[in-house]
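Taken in sequence, the protein lines are chains A and B.
Using this note's numbering, the first residue of the first sequence is number 1, and each one after it goes up by one.
Using this note's numbering, the first residue of the second sequence is number 196, and each one after it goes up by one.
Derived by calculation from the structure, the hints in this document are not laboratory data.
Glycine included, every Cβ here is placed at the ideal spot set by N, Cα and C.
Do not take every clue at face value.
What the hints assert, rightly or not - Quick list of the computed label-pair ranges, beta carbon to beta carbon:
id, chain 1, residue 1, chain 2, residue 2, range
1, B, 362, A, 180, 13 to 23 Å
2, B, 246, A, 120, 38 to 48 Å
3, B, 253, A, 113, 24 to 34 Å
4, B, 358, A, 193, 15 to 25 Å
5, B, 255, A, 193, 18 to 28 Å
6, B, 253, A, 193, 26 to 36 Å
7, A, 17, B, 348, 53 to 63 Å
8, A, 156, B, 366, 33 to 43 Å
9, A, 83, B, 255, 27 to 37 Å
10, A, 84, B, 362, 29 to 39 Å
11, A, 171, B, 243, 47 to 57 Å
Stated by the list, open to error - Taking lysine to any residue and the SDA-like style, the derived pairs with C-alpha atoms no more than 25 Å apart in a straight line are:
id, chain 1, residue 1, chain 2, residue 2
12, A, 68, A, 136
13, A, 68, A, 2
14, B, 281, A, 84
15, A, 13, A, 134
16, B, 281, A, 184
17, B, 281, A, 125
18, B, 281, A, 13
19, B, 281, A, 178
20, A, 14, A, 153
21, B, 281, A, 189
22, B, 230, A, 190
23, A, 125, A, 87
24, B, 281, B, 369
25, B, 338, A, 48
26, A, 68, B, 235
27, B, 281, A, 190
28, B, 281, A, 87
29, B, 281, A, 155
30, B, 281, A, 148
31, B, 230, B, 260
32, B, 281, A, 191
33, A, 68, B, 338
34, A, 14, B, 338
35, A, 150, A, 87
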Amino acid sequence: MTLPTMDRRVAVKKLLAARDGALVVTGLGSPSYDVHAAGDRNDNYYLWGAMGGAALIGLGLAQAQPQKRVMVVTGDGEQLMAFGSLATISVARPRNLDLIVLDNQHFGETGMQSSHTGRGIGFDKVAAACGFSETAELRSLEEVDTLCEKLRRPADGPRLFVLKITAENLPRSLPPRDAVEIKNRFRAHLGFASC
Amino acid sequence: MTASVQAKQPETTAVASAPAASEKQWPDQVYDVLKAAGISHMSYVPDAGHTTLIRLFGADPEVVTNVLTTEEEGIAIAAGAWLGGKRSVVLMQSSGVGNCINMLSLPVHARFPLLVLVTMRGEWAEFNPWQVPMGQATEASLKAIGLRVQRAETGDDLVETVAQAAAMAFDADQQVAVLIGQRLLGKKKW
Ligand SMILES: Cc1ncc(C[n+]2csc(CCOP(=O)(O)OP(=O)(O)O)c2C)c(N)n1
Numbered sequence: 001m002t003l004p005t006m007d008r009r010v011a012v013k014k015l016l017a018a019r020d021g022a023l024v025v026t027g028l029g030s031p032s033y034d035v036h037a038a039g040d041r042n043d044n045y046y047l048w049g050a051m052g053g054a055a056l057i058g059l060g061l062a063q064a065q066p067q068k069r070v071m072v073v074t075g076d077g078e079q080l081m082a083f084g085s086l087a088t089i090s091v092a093r094p095r096n097l098d099l100i101v102l103d104n105q106h107f108g109e110t111g112m113q114s115s116h117t118g119r120g121i122g123f124d125k126v127a128a129a130c131g132f133s134e135t136a137e138l139r140s141l142e143e144v145d146t147l148c149e150k151l152r153r154p155a156d157g158p159r160l161f162v163l164k165i166t167a168e169n170l171p172r173s174l175p176p177r178d179a180v181e182i183k184n185r186f187r188a189h190l191g192f193a194s195c
Numbered sequence: 196m197t198a199s200v201q202a203k204q205p206e207t208t209a210v211a212s213a214p215a216a217s218e219k220q221w222p223d224q225v226y227d228v229l230k231a232a233g234i235s236h237m238s239y240v241p242d243a244g245h246t247t248l249i250r251l252f253g254a255d256p257e258v259v260t261n262v263l264t265t266e267e268e269g270i271a272i273a274a275g276a277w278l279g280g281k282r283s284v285v286l287m288q289s290s291g292v293g294n295c296i297n298m299l300s301l302p303v304h305a306r307f308p309l310l311v312l313v314t315m316r317g318e319w320a321e322f323n324p325w326q327v328p329m330g331q332a333t334e335a336s337l338k339a340i341g342l343r344v345q346r347a348e349t350g351d352d353l354v355e356t357v358a359q360a361a362a363m364a365f366d367a368d369q370q371v372a373v374l375i376g377q378r379l380l381g382k383k384k385w
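Bound conformation, chain B alone:
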């Protein structure tokens, strides 16, 4: 490794400021609202911003979890889980949305409930230019294939957004992606 590479930022864009109490707890609160919405199945490709959720679901004996080789797998798995009567959530970072597009024709066309939580990269204090193209294309791509897209920029807003997105997905047969702003993630210490 060269000195200049070593001097680069780590994988996070953490900005040094103490998180407010409510923000500190948003992953735990998101877990609680997902459980309250009857989620018992979760698939993911890891992102640092999803660390706590992945850990909480992984430790929950009532929840089946799958680690994926590519994000589109999670879209198909969630459809299968719904066929079998389970409510599933898929966790990914914005780059992974690009891996999903054609597979999203399954829930969109067959009207499977779908809930995807997307941690955003490439939009706020981003140090890695490779994240920018897909980060900038995330919302437009999801809308183009037919998903409902909602965003949250604060912890409180996110908890509320996820709760109602789960209702829209599973009660109204919608395909919903909740984008978790990098501004929110960037303020956290991962």
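Excised from the complex, chain A in its bound form:
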């Protein structure tokens, strides 16, 4: 049984076009390329490593900037390494943190080996069990349009949305590799000094 999936670049482009001031953190590999492909910006924080860190950087950022919305865009593999983060985030209960899991059911960057999410692990269900205020699994770009509307509205707590995307390796769109520069320009966007 093959269920429908969507084009990751188009889905991410839609989410970012509707970001409405949201600060964005991306998980290593393809999610960083997808966000970069939609347009490099100072309010994007891209990871090239620190696997399992994306959602948690998002949490720290959301707690430090409670007036801004924070959107984490990451992969199923990256989020699997931060399984416990769903418990930590749920307990912290930020109202301004949305996790977007781009789920191709594979570890794409390392050769498209199949991951847990194609074998019964659903992050929407795990996050719901942890106590996230809203979770869903999306399979079409039309559903992403509806999600963009929803994300503008205030939340009661953290939300997580799984976007089932096609398992394919698209041309890489590489963010700058200088992590210090990415950090400094992100902070400058918020009005903070470099050091």
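Given chain A, work out where chain B with the ligand should sit, using these hints.
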């Protein structure tokens, strides 16, 4: 539970001797210097040696606290807090350092200020042999991944060490771990 297990020491290595007045108060003083350094965010996996700090930060309405499922989460959270303009501190015991190593490449490579307070186990009057391997590897592991490591063995020394470590972390963009010697913790009644 068997009799021999029951006869074992509790989780602490408390040695029966009354703590000196200054040592009795080091957790409160460490809290004060962290507040003075502008810390408004704290994450932790509990250790008995951090009990007072966890309680003081938890009761402080100006400080956001997170209880973690594993210590590496705190490293990533602290980086996110700094991106958003907050100064964070991470509390863990020495065994937790082993859980952090790869995540530490984030602050080391991106030069995020980082301040970690580590209560040491496995190095002084330790009763639990499981604590020894990681306790002995703590300083070497932290140095290998690129952190600055400082140690304190007395309460007064610790307060001063934490104060300057916060300055190094947040004013000089350094990644600093302060190791709190088990000798100091062992003398306290938790
Ligand atoms: C700690 C660690 N283990 C393994 C890797 C190798 N690695 C890089 S990306 C990746 C998988 C990413 O998969 P996913 O997040 O699902 O992204 P996508 O499939 O979209 O590429 C892995 C295992 C790593 N970088 N760090």
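Pair hint residue 281 of chain B and residue 148 of chain A, alpha-carbon separation not exceeding 25 Å: violated, 29 Å
Verdict for residue 362 of chain B, residue 180 of chain A (Cβ pair) under range 13 to 23 Å: At 20 Å between Cβs, range holds.
Pairwise hint evaluation, residue 189 of chain A against residue 281 of chain B, where the allowed Cα distance is 25 Å at most: Given that 25 Å is the threshold and the Cα spacing comes to 15 Å, the pair holds.
25 Å limit on alpha-carbon distance, applied to hinted pair residue 68 of chain A and residue 2 of chain A: With Cα atoms ~38 Å apart, residue 68 of chain A and residue 2 of chain A exceed 25 Å; violated.
Pairwise hint evaluation, residue 155 of chain A against residue 281 of chain B, where the allowed Cα distance is 25 Å at most: Holds, at roughly 23 Å.
Holds or violated: residue 281 of chain B to residue 87 of chain A, with C-alpha atoms at most 25 Å apart: Holds, at roughly 22 Å.
Range hint 47 to 57 Å (beta carbons of residue 171 of chain A and residue 243 of chain B) holds or violated: holds, 53 Å
Pair hint residue 281 of chain B and residue 84 of chain A, alpha-carbon separation not exceeding 25 Å: Holds: residue 281 of chain B and residue 84 of chain A sit about 23 Å apart, inside 25 Å.
Given pair status - residue 184 of chain A, residue 281 of chain B, alpha carbons within 25 Å: holds, 14 Å
Restraint status (C-alpha distance of residue 281 of chain B to residue 369 of chain B at most 25 Å): Roughly 15 Å between the alpha carbons, so the hint for residue 281 of chain B and residue 369 of chain B holds.
Distance restraint between residue 14 of chain A and residue 153 of chain A, which requires alpha-carbon spacing of 25 Å or less: Given pair residue 14 of chain A, residue 153 of chain A holds - Cα atoms ~16 Å apart, limit 25 Å.
Distance restraint hint 38 to 48 Å, applied to the beta-carbon atoms of residue 246 of chain B and residue 120 of chain A: Check passed, 40 Å falls within 38 to 48 Å.
Checked against the numbered hints above, the structure violates hints 3, 13, 17, 18, 30, 33 and 34; every other hint is satisfied.
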